[in-house]
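The whole structure should be built from the sequences, with the hints applied where relevant.
Counting in the working numbering, the sequence shown runs from 19 upward without gaps.
Quick caveat, the hints were computed from the structure, so don't treat them as lab data. Please note that the accuracy of each hint is not assured.
[Unchecked claim] Computed Cβ-Cβ distance ranges for the label pairs, DEER-style: (1) D250 / A278: 39 to 45 Å; (2) H107 / G141: 20 to 26 Å; (3) A131 / K283: 14 to 20 Å; (4) A145 / A215: 46 to 52 Å; (5) A278 / H107: 44 to 50 Å.
The structure presented is a predicted model; accordingly, all values stated were derived computationally and were not measured. Note that the Cβ used here is the ideal one computed from N, Cα and C, for glycine as well.
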Amino acid sequence: MPPIVRLFLVCLLAFALPDGPGPARAADVQMTAAEAKRKINLAGRQRMLSQRISLLLCMSERGIAPHANRAAAAKAINLFGATLAGLRHGDPDLGLPREYQPEVLASLDAVDAAWAEFSDVVGAMLAGGGEGLPALQTTNLVLLTRMNDSVGVMERSYGEGLVHPDLARVINLAGRQRMLIQRAAKSSCLAASGIAAAEERAETEATIALFEASHQQLVSGDPANGVIEPPDELIWDQLSVVEGLWQEARPLIDAMAGGAGISSKEEARLLTLTTQALNAMNDAVWMYENF
Numbered sequence: 019m020p021p022i023v024r025l026f027l028v029c030l031l032a033f034a035l036p037d038g039p040g041p042a043r044a045a046d047v048q049m050t051a052a053e054a055k056r057k058i059n060l061a062g063r064q065r066m067l068s069q070r071i072s073l074l075l076c077m078s079e080r081g082i083a084p085h086a087n088r089a090a091a092a093k094a095i096n097l098f099g100a101t102l103a104g105l106r107h108g109d110p111d112l113g114l115p116r117e118y119q120p121e122v123l124a125s126l127d128a129v130d131a132a133w134a135e136f137s138d139v140v141g142a143m144l145a146g147g148g149e150g151l152p153a154l155q156t157t158n159l160v161l162l163t164r165m166n167d168s169v170g171v172m173e174r175s176y177g178e179g180l181v182h183p184d185l186a187r188v189i190n191l192a193g194r195q196r197m198l199i200q201r202a203a204k205s206s207c208l209a210a211s212g213i214a215a216a217e218e219r220a221e222t223e224a225t226i227a228l229f230e231a232s233h234q235q236l237v238s239g240d241p242a243n244g245v246i247e248p249p250d251e252l253i254w255d256q257l258s259v260v261e262g263l264w265q266e267a268r269p270l271i272d273a274m275a276g277g278a279g280i281s282s283k284e285e286a287r288l289l290t291l292t293t294q295a296l297n298a299m300n301d302a303v304w305m306y307e308n309f
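As structure tokens, this is what we get:
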């Protein structure tokens with residue numbers, strides 16, 4: 019494995035799941051187990067949305083269905099903002115209770131700051147101005163990192179006393195897969211666009227490696243790392259659907275990132291496949307949440 023790929027794999031492992039749950043504080047509990055699972059799920063979805071927005075705008079800049087992709091990006095931006103507010107203040111429509119735990123609120127403060135910068139960048143792009151893909155390339159990763167940190171805080175805070183730690187962990191892990199699908203495609207798009215191309219190629223390879231290792235954990239279980247096997251056959255079947263879509267998308271991701279070049283039609287196909295894989299993985303996460 020080239021040294022730069024190893025470096026990015028190490029960086030991606032910063033997104034690894036926590037070693038174990040923190041101490042439970044019954045006095046701080048202000049929600050039900052169902053609400054806690056919903057918060058871990060939707061907070062995890064925020065990671066995906068940061069990458070989804072970036073992918074859609076990158077593809078739009080490359081002339082791939084620009085009107086439709088910019089409209090989809092605007093919708094995802096609105097969803098991220100509404101969900102971020104709901105994670106803090108509560109949102110009955112999203113099934114989110116108000117947050118009271120100081121460590122979770124502090125983690126959301128950090129997300130708020132990163133979101134303000136990122137939303138300025140993408141808002142300017144939607145308006146036809148701003149610094150474009152170079153600014154997107156830097157700000158999306160800051161937002162992703164801070165959102166991932168917040169999900170980890172929630173997993174630890176809710177993972178004992180509200181939700182069994184093993185279930186909290188697998189919801190987080192499965193939810194992270196949604197983000198990795200979008201991140202791999204986004205990095206390949208940035209590389210093909212000449213934006214920090216060597217860096218983004220390495221990140222694409224490392225993201226693929228982490229996605230595939232995590233998929234194997236979900237399918238087979240990984241007791242050493244606290245990952246349970248699929249608790250029922252329906253979840254196992256859904257993970258098989260994800261794998262089939264991923265196997266079709268991966269050669270296009272590799273080719274786009276590697277500089278071999280793919281046609282506009284193939285780029286559009288890549289976006290379609292990664293959207294389908296995202297939706298299939300999202301269904302799996304909801305199955306875990308509602309198990």
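>> Of the numbered hints stated earlier in the document, which are not met by this structure?
In response: Violated hints: 3 and 4; rest satisfied.
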